[in-house]
Amino acid sequence: MVPFKLIWRNLLRHKLRVLLTAGSLTVAFFLLCVLQALVVSLDQGVKNASKKRLVVQSAVSLFVNLPASYQGKIETIEGVEESMKMTWFGGYYREPANMFAQFAIDADRMERIYSSVELVEGSWEEFKSSRMSCLVGKETAKKYGWSVGDRVPIVGMIYPRLDGSEWQFDIAGIYDASQEASIDDLTMYFHWEYLDEAMEAGAAGGADGIGVYSVLLSDGYSQAGVGALIDGLFENGPQRVQSTPEGEFNAQFVSMVGNVPFFVGTIGMGVLIAILLATLNTMLMSGREQTRDVGVLKALGFDGSAAFWLLLTQSLLLCGVGAGTGILLALGVEGPLQALLGSNFPGLRISSDVLAPAVLLAVAVALFAGLAPALRARRLTVIEALREEA
Amino acid sequence: MALVPLSYNLRSLRVRKSSTLLTIISVGATVAIFAGVLSLQQGFETLFSDSGREDVSVFLRPGAVSEGESGIPPAKCEIIKKSLPEVKVVDGMPLASAESFLAVRRRKLDGGETNVPIRGVEQMTFTIREGEVTLTEGRAFAPGSDEVIVGEKLVGRIQGCEMGETIWLNTVPFKVVGVFSHDGPFASEIWCDIRRMSDALERPWYSRVVAVLNSEADFEALKERMSEHKEIPAKVMDEKTYYEEQTRALSGVLRGLGSFLAVIMGMAAAFTATNTMLAALSSRSHEIGILLSVGFRPTAIFLSFLFEAVLLGLAGGLVGVLVAFLINGAETGTTNFRTFTEIAFAFRVTPLVLSQAVFFSLLLGLLGGAWPAWRASRMKPIEALRRT
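Quick note, the sequences are listed as chains S and H, same order.
Just so it is clear: in the first sequence, position 151 is 151 by the numbering used here, and no numbers are missing.
Just so it is clear: in the second sequence, position 349 is 1349 by the numbering used here, and no numbers are missing.
These are calculated hints, taken from the structure and not from any lab test.
Everything numeric in this text was worked out from a predicted model, so none of it was measured.
Where hints are given, some of them may not hold.
Listed next, with one range per pair, are the computed distances between beta-carbon atoms [what the hints assert, rightly or not]:
1) S:Asn48 to H:Ala1330: 30 to 36 Å
2) S:Thr266 to H:Ser1282: 32 to 38 Å
3) S:Trp8 to H:Phe1359: 38 to 44 Å
4) H:Gly1112 to S:Asn48: 16 to 22 Å
5) S:Gly145 to H:Phe1359: 41 to 47 Å
6) S:Leu162 to H:Asn1214: 40 to 46 Å
7) S:Leu12 to H:Leu1010: 31 to 37 Å
8) H:Gly1295 to S:Trp8: 29 to 35 Å
Pairs of lysine-lysine residues, derived as DSS-like cross-links and limited to a Cα-Cα distance of at most 30 Å, are as follows [claimed, not checked]:
9) H:Lys1108 to S:Lys52
10) S:Lys15 to S:Lys73
11) H:Lys1380 to H:Lys1175
12) S:Lys47 to H:Lys1108
13) H:Lys1380 to S:Lys15
For glycine and all other residues, C-beta sits at the position ideal for the given N, C-alpha and C.
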């Protein structure tokens, strides 16, 4: 084995070139990490969804509501532990640009159905006690500077108040749903009765009924089995329903964006090809320049494998430093990235699902780029190597 | 000032084949990605903006940003259609039509589900859309019947959209009796009779009214008047603006993504080009010495090296554009996030995409060549000649 110092010196022989190649690797791996993080973020709501919950929605359209009377009927089915109404409210805070998700729900049931949602401020009791109460995700609360006790005005686009005024909600709790894959920290939940009463009284417009029912299964019952029973119950109308496992329900929103894994895969492939060839180019140049050094080493009695490792280690070092910096950079911008894209990609993180493939790729690039010059160095005879012009 | 002959650059690129080729492909991959994202954005945007008509006005519920969330009672639709003096009248009939819109859940043929727009229309719609919407197969649905016609982009992609097949709306079967084409988003829709749609889905309201205006009608005044109308308040915009509003967000995202990728990948590509040119420089210092001693000015050397880098960049750009052409016309789908419906559209390598891609590759060459060219021009003849 040749001394490490020799390898290092050889690598730094052309400082600018090594710096530029490492720089390319840095930006490429930074990009790959960010892209991969986006895909992982989209996937997690699907992968980590509960196996114990079903979503019952209209079989016709996501935009058709189900009758409120369905809830009682659904709960007669064996295997259904409990259900919760969920209606998309579609409102914004002050400006249309401040759109975020709000749902009208059964306030007294959420705590049991989404049991891993934690309140970091306020309490479930406060939330349940008043019709105008709401829960707000911690990210949204942070964004608008809200805290428990605040009264917030929300403009309803789907359920407009007929006198043109805003809806008023009292914040009774701020939640953290990091343990709950199907809920992000950006949403507002409020009493369905509040919405219903306003519509009954003729104070608000909008479609009657319930958007979807979230159904919690009893232990030992399967999503498919109970789902088929629920679907069968309403086969003859008035509104046919479709029960989907929670993961599938989440997946339909992901696939709406288009084929994200495909697009990201294609872009990643392009980045990879570009960086692969750039690194190969650098290593081939280095290999050619070090031909005489290899000759000298071999003349001194080092064997072919020493020459092989001399070059391969340089490639590994180059990729390690370059890609490593890129990966660290990605970790460094995790915070700003969440702030920028968090509302579209909840739970965006440079997690191990991002880091592991990145490290593997870095090693692969190093091997690909280093192997050709390293093999050549092993093969060269002393005479050939020394004869080569520098 | 005498310039170094261009053939010198061409020959030296050829001498160092492998390095040249690797750089070209590396730059090419970068340009291809850049052009790909741009042509995606172009395809999406032209689908909407080219089909929007300025003489067609769209009436929505006040506050609604798309027909997906808009709702107007049928009685009010009638008033809008018949009472407005701005609406063009042909043969005693106002060129105005109510439309009902809903995103319905459909299975895709290649698996999974998607939201397909179904549009309930009146007979007048076909008069308004004459020349825009054309039947390519079968016939139009009979008024009042449980029949539909489907946009050609749905055929072969969505279940139940072949001629003669049945599409269920809740508990009512509708038969597919025709296929129609349209250069815009309608080609991804299912059309049927507006009243039958309302009955089948138990939706007692319509989504919007579209009307052709007289050429002398004052659009701004109409817009103003309708926004404060006591009986029939409505948000009015011309169709072109309506479509622009629908696409703005996604178009912006794609443009942002394109620029982000261009900057990041461009950096890597420019570094690669610099490396290649630096290698060229060190292996040719002898030649540079000769050029200087036979009387070429440093500026000529600088330009010569810069030109070689630009040539590398342009060659890479050419490769990238060729790759981008492979996807030209390829169909893909995305969602109109205002209505949550899927729209099919094609990548479009437009002249704009081409010129931006070529400009980008030129820039990469210049960036990559600047430093090595400067170094070359600063060499002293004696030193350069002495180096082997």
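So, going through the hints one by one against the coordinates:
no.	hint	verdict
1	S:Asn48 to H:Ala1330: 30 to 36 Å	holds (33 Å)
2	S:Thr266 to H:Ser1282: 32 to 38 Å	holds (36 Å)
3	S:Trp8 to H:Phe1359: 38 to 44 Å	holds (41 Å)
4	H:Gly1112 to S:Asn48: 16 to 22 Å	holds (20 Å)
5	S:Gly145 to H:Phe1359: 41 to 47 Å	holds (44 Å)
6	S:Leu162 to H:Asn1214: 40 to 46 Å	violated (33 Å)
7	S:Leu12 to H:Leu1010: 31 to 37 Å	holds (33 Å)
8	H:Gly1295 to S:Trp8: 29 to 35 Å	violated (43 Å)
9	H:Lys1108 to S:Lys52	holds (27 Å)
10	S:Lys15 to S:Lys73	violated (74 Å)
11	H:Lys1380 to H:Lys1175	violated (84 Å)
12	S:Lys47 to H:Lys1108	holds (22 Å)
13	H:Lys1380 to S:Lys15	holds (22 Å)
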